[in-house]
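Engineer: Could you slot chain B onto chain F? The hints should help.
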Amino acid sequence: MITRESLQSIDPRQLGRFTRMSEFRASLTPEESEAVQYRMTTAHWTQEERLVYDAVQEGYTDMDSLPIATGLTTAQIRSAIEKLQGKGYVKEVIIPTGTELGSTTKL
Amino acid sequence: MLRKLLFLLVLSLVLLLSFSTPVYAIGNPTSITIESVRIFQNLWVDGDQLYVVQFKVMYDPVPEERSGDTFLIGITPTTPMISKPLDYYLHNFTSIYLTPTQAIGWKGSYSIKVMGNPAYFTTLTEAVNMRTLALSDPYWISGSMADSREYLGAWCIQLAETFSSDAPVGWGIDLLTATGKLNTVGAVKFREAIPGLEGIVPDIFAVAVSYPEYTPEEHPKTYEEYLRTVGGERLETALNNLGTFLHIPGAIVGGLGLAILYFVLAGRIFTATGSVPAAVTVSLPFLFAGNLIGILPLYITFIAGLLVLVMFGVTFVLGRMG
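First to last, the sequence lines map onto chains F and B.
Going by my numbering, the first sequence runs without a break in its numbering and finishes at 1602.
Going by my numbering, the second sequence runs without a break in its numbering and finishes at 396.
Looking at chain B on its own, in the form it has when it is part of the complex:
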């Protein structure tokens, strides 16, 4: 009997431990508020949205658990809920960025919610461990890309001034230079809260890195293409007919004919001068004449000219060195 009881006790303990799950718990904050919200549009691309939220999730002492695990910030009602982990406890600000695809209806009936993670809070109660702020008209900042960026820059400076203020308003930490731009500490904070901010409002940073706009040069082959058309229909037809007779393309007929005339000319000059470089160089303009009447592509002439230059360099320079 005793052995049966002992066996049942051990079995129940084993079952209890094998089905037990870890339970997370954290106390409620002393207060939770949403201090301000601004929503901007058309910042990086047309149709995107940026929600900049200033909040207070006050604790004393600060919990050991990471705020990203215990709290989140989101937009409701959306399906699924648009949310992200909260970056920090206490007084701070963050942002939610929505691409044009993710964006919700502009000036729609939405709310910003800062709330405890249900994994850590058994019940969520408004004003205890959750705060909801309905997004009314003044929070939505409409504008073109240029205007929205300007408004965002101004709002960022205003936020920096708030957090630079002495207690109880702010941290007492200077986030701005004497000229009203974000100093290095402010830059770190704002880059962290609004990724990519420096790319769209670099002027609010005392030191900003930006890449110059570059428009690649275009090199259209308009003159070469024009030269190919100057031959005219009659010449093209004649060359094509001759090509058909010789079973080769008409363009090659024209090039071959020109090449024969070129070498005849070069040979005549060589006979007169005895100099190969002179014969080749003086005959070059003949190739260009072929370009002008549209029976020889322009690049052939340039290749020939390059070869002449190389030959000249070898003959003249190496000859001098010899």
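One chain only, chain F, in its complex shape:
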């Protein structure tokens, strides 16, 4: 079964070759399709970027909860956020009561 974990050992270029086949795409369940898309999107990301992105997607959007959710230091989180912002996957939104993060695109 295709999962995010199993696809960690496949080169995204190889996976891209398979995804160009309609038979392969048609055979995927929604969960597998999400896993494939996640792999294609995040293959060149660092582990920190993936952890921060996953945490933001799950709803951990403030700097108080992210270190707990990801297990990373504040500096690592800041660095990952900057890179993700540069790629356009995370956007920092200033709200009156604080700063929250939102993802600009959903998988």
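Please keep in mind that the hints were generated in silico from the structure rather than gathered at the bench.
Errors might be hidden in some of the hints.
Result set (DSSO-like, lysine-lysine): computed pairs, CA atoms no more than 30 Å apart in a straight line [as the list claims (entries may be wrong)]:
| no. | chain 1 | residue 1 | chain 2 | residue 2 |
| --- | --- | --- | --- | --- |
| 1 | B | K295 | B | K255 |
| 2 | F | K1578 | B | K130 |
| 3 | B | K158 | B | K181 |
| 4 | B | K130 | F | K1582 |
| 5 | B | K158 | B | K255 |
A short list of chain F residues far from chain B (calculated; beta carbon distances all over 12 Å) [as the list claims (entries may be wrong)]:
| no. | residue |
| --- | --- |
| 6 | I1505 |
| 7 | P1525 |
| 8 | Q1532 |
| 9 | Y1555 |
| 10 | D1557 |
| 11 | S1560 |
| 12 | G1566 |
| 13 | A1570 |
| 14 | Q1571 |
| 15 | Q1580 |
| 16 | K1586 |
Keep in mind that this is a model prediction, so the values were computed, not measured.
Cβ coordinates follow ideal geometry from the N, Cα and C atoms, glycine included.
Structural biologist: Same frame as chain F, but now just chain B:
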């Protein structure tokens, strides 16, 4: 003085930039291993060799650089080194094919090497950015063409099962059908890794394209050639002597003589019947008699017969239409 210093500074900068060369760099993989190797022989032609190698060149994240630029796989020691660019990073498999001319000594002291490209790695270190596996006896699969193809087919199915397995063993992607044959995804992967595989082991594919074997029909001219020899030496000598006297080849003498007799016969029939088609048609067997005694080539009779048919068609069909 200041102008001289400025001039020297500009000159040194220009020299530095004009002699600078691009430097490629990539980090070392987190791990690099050769998981399995099998070597097959006599697959497409006698004496060829196929090396099927399963490897892991693990990175996280996957480098932006193409794996074909940064890594290669080869056989050592060979001069020059037999190698090819690596198709993919991470867990995958590929093959190296050697024609009978390129083939190395069977079961010789060779190794398979997966290594970084020296253009990208300043130093190559075993187990860091290079892995070498000595080819011991179990890796060499000896056999005739039929046996080797069967072994290769079985090994391909085994590889497909490995990569179809869930993590951490495989990709979790089904490469096989429920009946144990390569599905469309598996077929794409194996055709890519082992070009021409479908032609020699089509049975492992759920859907395979193959061309039927065709043996062209032979149409020997044995009867025609036999008829030319039945004339015998005496008749041939007589015709040749007559030909020498008339300054024409002996074969033409025979043909001319037969033609004269043919037209005499046809004329006699025409006189009796008043019909040209009848005269020509009834006289045809006379030509065949000439074939049987070897003084007239068989194709002359067939050409004459074809002309009679055409004449009959024109006379009979067009005559009816008139």
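Engineer: If a hint holds in the structure, say so; if it doesn't, say that too.
Structural biologist: Structure-based check of each hint:
1. B:K295 to B:K255: violated (49 Å)
2. F:K1578 to B:K130: With Cα atoms ~28 Å apart, K1578 of chain F and K130 of chain B stay inside 30 Å; holds.
3. B:K158 to B:K181: Holds, at about 21 Å.
4. B:K130 to F:K1582: holds (29 Å)
5. B:K158 to B:K255: Roughly 29 Å separates the two Cα atoms, so the pair holds.
6. I1505: violated (5 Å)
7. P1525: Since the minimum Cβ distance to chain B is about 16 Å, P1525 of chain F lies beyond 12 Å and the statement holds.
8. Q1532: Holds, because the least Cβ-Cβ distance between Q1532 of chain F and chain B comes to about 14 Å, which exceeds 12 Å.
9. Y1555: holds (22 Å)
10. D1557: Given a closest Cβ separation of 26 Å, the condition holds.
11. S1560: Given that every Cβ of chain B is farther than 12 Å from that of S1560 of chain F, nearest at about 25 Å, it holds.
12. G1566: holds (16 Å)
13. A1570: Check passes; 19 Å lies beyond 12 Å.
14. Q1571: holds (15 Å)
15. Q1580: holds (18 Å)
16. K1586: holds (22 Å)
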